[in-house]
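Engineer: If you want the building blocks of each chain, they are given just below.
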Amino acid sequence: MSEVTKMPVWPGPCVLVPMTTDILLIGQPDFNSQTTWSGTKNNYYNLWMQQLPDSPQAFNQTKCPPVGAHVMWTLPYTLRKGSQQASQQDNAEVDFPFIPNRWLITRFQYGQPGVAPTVVARILQSDLLFDLGNNPNAYNQYPYPSDTAYPVRGIGQNINLDGWAGVAGPSGYFLQAAGPGDLAWSVGYDNIKNVLSLHDDLSADAAVYTYSIIGWYADPANDLLYSIPTENNDDWQQSLSSTYGWTLGDGQDEVTQAVDTWLAWQRDHGLQGPWDPAGINLPPQAKAAIVAWYNWQQQYGVNTQEAALPRQTICHSMVATVNWQGNQTAYGTGVPGGGLKYPKISLGNNSIESISTYMAHMVAENKGITDKTIINSIERVLEAFQKDLIFDLDKDPVKVEMLLHNSRFESEYSGQEWMVVRPENSVQEPTETAGQQSIPLNQEETDALTALNTLQDQLNDNLAQVQSLRSELFMLSIKSSYMGRKTPSAIVTAVNQSINEIKSQLSDRLQQYQELSQAVESQSAALQTLIGSTYLVKAVDRLPYSVPRDPVIMVAGVEQDSKLLEPSAAQENGELFVRITGQTVSGINVSYTLDGVSITETIGAAELLAAVNFPVWNAIPKEVMDIWVETLILDTGNATLIALLYFNKRGVSYTPADLSTLAHQIQIQQSAIWNPAEKIGVPTQTLGEVAGFNGLIPAAVGVSFRKGQPWTPIYMDWQVSWFPTSSDETKQLTDWKLGDIDYAWQGTAIPAPPNKLIFQGRAILNARVAKNIQGKFASFESDPNYAFLPQYMQQSLALVASRIGELDVLTQAMSGFTRQLTTQLMAMNRYPDDPEITALLTDTSVNYRPVTGSDSQPDPLPFFPIRSGHFQVIDLWVVDSFGQVLRGKDPQLGPESPIPTIYWSESIDTHSPEYSGKDASKYGQLPPRLAQAAQANINFLQRDNDNIPTNSSDLTNPICGWVMANHLDNSLMVFDENGENLGSVMKVQREVTDFSNALTQQYTIRWEAVPGSNTALGAPPELPNSHLQQFILGLLQTGLTQDADAYSDLLSAIDATLWHMSNFNNQNGNMALLLGRPLAVIRAEVALTVAGTPLYNQSWVSTGAYYNRDGTYDPVDPPYMGALFNVRVGDSFFDGNGVLGYFQDDIYHTFYAVYGNRGQTYAAAGMPAKAGGNRNTLSVLASAADAPGFKTDYVQADHVIALPANGAHAKLTLLVDPSGTVPLIPGSLPSSTLALPNGPVTRALNNIKTTFRAGPLLLDPRKIKMPTPAQVQGNWGWCARKDVTGWNPEVAIAPYSPVATLQDNAVKLIEGWITLSGPTTNSN
Amino acid sequence: MIKSWRNYEALHQEVASSLLQASESTSTTLPLTDELATWLAQLSLLYGVPVEYMVADARLLPTESMRFFYVDRNWTNRLIDGAISVGVLSSMEKVFNEAFFERIYAQVNEKQVQLRAILRSTNNGGQVVDGTLTGLLFRSQVVSGWPGLEVNASAKGTALDLLRMDRLSDNTLLCLFNGIPDTVDFIEPGEGLHFGINREADADTFNIYLRGLGFPKDGAYPAGEQIKDPDIPGGYLQASSSLRGGTEKGVVAITDLVSSLESKFPSGALENGTLTPGGFAVQMVQGAGFQQYVFGENYPICEAE
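Taken in order, these protein sequences are the chains called A and B.
FYI, the numbering for the first sequence is 640 to 1963, going by this note's numbering.
FYI, the numbering for the second sequence is 18 to 322, going by this note's numbering.
Derived by calculation from the structure, the hints in this document are not laboratory data.
Each residue gets a CB set at the ideal place from its N, CA and C atoms; glycine is no exception.
Among the hints, erroneous ones may be present.
Claimed, not checked - Here chain A is said to cover these stretches of chain B; the calculated rule only asks that three of the stretch's residues, wherever they fall, bring their Cβ under 8 Å from a Cβ of chain A: (1) 71–83; (2) 185–198; (3) 237–247.
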């Protein structure tokens, strides 16, 4: 054969990367026992054949692995880490690096002490694909799509080293840590036999073994490090650290030292200068090996002149003291507690919740607390702590709760919107740094920006549609592949028609996408040109869509294994210590006192290679001999041989006792280096020097001394029974009510579905969250700020911090659960064959398998596009990488009974004010959520045009006007958007003719035009903004029928909310302090939308039901899209809330007071500002059991806005304090807040001019003088009527002087209006 | 899920009831800061109140007139109400004011009587007596002519604290007393020497009482003491003189006066029988002016509040 079939070898230095190896020993008794094993194998053959199982099913049981040693290594983290392509979209492909595809497994077998081990070596060709023949299930498989007739192969082959021909290849390199459709492929034993593991069928006899594993890339060009820069040390080192997470050590010049070591090694091995084997001064075996290697390299290898910095990787690992006691021994299981104990389980809506719940119970048990509310509050403290919200918890619990609620969702990209912003280097001070920028664009620029955003909206929608259509097309194509001869023709027709329709739609949409993208690009460029360089046109991400997270299960006491974690999670510096060629341990200094004389001898390659015979090799890395020698030196099982070699080298005779003593001493030397450096404060390399080792000690992960069976939990199998709120998909919100933040269940019993609904799945476990939590608690006590927390918080945190080191938990979401409720299955899938379809799908990764049911089934499968109800956890398995199983439930409880003891987090705990079922603790509760990506949005609208959403241009601002409750006048002043006073609604006494009426009925309200205006007395207001006009007219209208009660209700509603707002910063100067807070009248809309098309039931009979009209694409919303969700706008308990209430859908005869406001202060609001004589009122206020409520229907409390998820908008006219924000609390989706645009607010507040009636006052009519507040430097004016219709011109009020002029021209009693504008202050 | 982290529904009620409780408790914690109380105390002592509000018409206080008055507590309390109502943004502040107004008034009252001491940086503030404040407005040349004019008020012989004494203009004086005086004394500034004569209005003649000059040496007529008239029990020796005639009115005829004085001295009371210029000066020394107002028994006493 030609050279191309032979593997080249690498002449330059290599980076030696340590990794971990586990060895599972199985004896015949183990094989025969009843222990549960679960398979981890992907059956790609079945996938191709569309048979089940195609992937390892949850709760599958397999046979015990065969007798012998099962050696499995875990690739270094860097090789298992994928990186997502930079893309706008969340679902972009994740790239994984190639992994080594040649592995040398060397076994050292020790017999009698002091006798040199027998060495055998095998080679794995990990990516060798072979024909499966007629027995595909006997092998681990790999897809092989290029063979369309039989697109599956077996993978991996092991052969003896001496029989190996050094074959190269394959040419199409494919091996990665992630397998096809399976991220955990490289850690599931059943998939990687002879790929990343080896079954060593050990002999029947007992022996102690040591294994060495060395891996490399057959083709250096595929090496992970191949493209690392080698021009200079610094760049190389920087790249090694930042890209690969590896380090050569902490020293200053470790790279220089490493290079020197390599150059010396190269020289010693005759690889510098002309090749002269005679000049190589190495032990014979080593010399023979390098000569053989050189010859191979000359013939097949890479002959380039390589830099002294490595760009190749060698992975290595050793496991010593593998104590094989023969094949008739039972080696037991690695499952914690021998598989007889059951783990503690807690459940939450995310990992932090489930772990916090567990820890809260830990604290409660420790302190003897049984009260659930206290445990819940501890849980909340722990959650807030981990989310860095602990300092807000006491101050602003609603904010904390909102953020915790939001963390129960995952975000999905929802497109962009365009803003105009000030450049960062602008000399102008931006009014705000982010979000709703406020920019004074002119009309033309504003129109262009609005048009651009309209176009971008279409693009966003298009993108979401494309994604939905792709998902549907993918599932249709799978359905199509399922169809057979017996499939009913109606279904065949529906599937085919649907495919054609979706293909055509998708094709159109993709075309449209191109056009829209281009249009957006050109229009944004045009806008930038239009506005010049003063401002920047910029696209920012919109509020993302949200998808509810699947509940997360935490299992405690699973004896997690940190080897799968990235190094940073396990050790502080976060980098893995690696070495380069030549830095391996080459010798051990041994001293022994014999006859009073102590002599030190170095036992190294020369001595060891004289004693131990290694296989002859050539086509493997040149570093192998060094690693073998290192293995012998570090192996405690080899201590006796080393001792023997010492005595031989020293040339003395010794007794068996001497040998034994020295062997023991050497073992101590060998063990000393594995003391954890960070604990004893001495670096490992220093320990190595002290212990007498030459060379650098490898990182501890690469060297292990086997103590027992391995246990590496990787999967969690979960099984739940689902109890939907209703079997009718449109009635999932029955019995649920929007509570403070989330929906709260009001049901009386948990409804059972007609047929049991069991869902199950297998998910990859995550140890990282627990590690992160441990890291966070580690720093807890060092932060002095925690001393300011309430006592119970400090105590809970301190207790958890003190025990966090023992925390042994793993978490995993019940991944795919929500999908399963919507007839979609997260699974490996065959990619469609139809090239037209694959072209339309491109690389989309949103591929779920449709759950179709039987094609003869007349009714669709149960379908829950709104996830709402209860569930029981029926079973749970934790499966390790070898397939060992830790059961979560005693099997004797029966297959359908729930796991009895589960800690439910507060957010998932079953409770209802109406339900006291004793089984509540067996159910988890999931409040209503749309199962697909959705969004609850509140947007401001241009004040006079509902079709223009507010953008960064001030011209589109949503401020219809302003109102301000004037406490001095008992009036409601009204201003236009710029703060110009328009007049006020005043409470006035009506002429009383009938004294039998109640007192309150003697009042009414009337419109008082702004003093100084020419409006006829008694004329209705003519306000420039129609919403403001409607609001005021509606209010005045109430005066006709409800006297002043509606008006009082409104003022009371405003008043009660202001109690919470007292902590806001000054709005502007001291205006608020003097008179009250100006409140903006704001135009906005809220809507609930789903991303793209609604979810469709994937049952056969439902195919195309909501879009296929006999071959025509005509989408209609499925009925569940009409289900009404409640959303709330404003929450007076939220510290940042600025909302006081709103009118909905342009109906101005009902004002909805903000949540939490029920007119509690009605009595107080009616009190006059002056004190005295109202103590009774006060007592009433202080003792009222319930809020007295509002007197009229004009103001209503506790309102929620009902919205379907189909994007229908509710238009709102809001009353907002501009220093607060507008919170939106949808319950079923994350909460959000929206702030008013700064520019128009500031402008109006600076401009606002208040008037209030004053009089009668004793004033000098020629010069109005009165005392004005010293600290407020506003413009005070005086406005008075000349006669019934006319006005005197407004005059400034002169500051009062305290001098008694006592002039003869006496002051007069005058009535009029004091005006105040632009109040500012120099100091607060 | 409803998390009742706080009982929000009852928040208003809790605030109101805790304010109410606090206001009814016997706690000595003061509702106002010292600075605020001082400011309000000044206000209640009518600092910053336009004079027109007190004297609505100049005819109510013509020149050379004095008006005694009571300070109406209702009026000043409303003034305080007005001041503290400025910060009322919501009924929460109203509730606070309502709950604490009595204690606020009490604190301000206490501050009132200390205010003058505080302003003058002396320690001896007064005490609240019966809460009745009185005062006087005095519009006269005296106010401008005697800048150091002293006003002392007393009731039944006990001095009342002067809470405020301010010139509202060159010729208008405002005084406020802590309590109801029965006697108010106006005293010319006591500092310095005054020389002069006393005479009836428009009279051309006057009398001067003789003072001893320390002669003879046996101490019969100690220096500065008035000399008794041996003829009139309880009487004192005096010399008469007259003003000069002519166009300039009010000029003392000095030579005549000296002669008249010398002639009236008992023998030996003058050194060498001659009145020296120093001796003459001693004769001409005048005591400080003093004017007393005493409320008649039938003067109507008002009850404040």
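Engineer: Each hint: holds or not?
Structural biologist: Okay, the hints, checked on the actual structure:
1. 71–83: holds (count 6)
2. 185–198: With 3 residues closer than 8 Å to chain A, the stretch 185–198 of chain B meets the three-residue bar; holds.
3. 237–247: violated (count 0)
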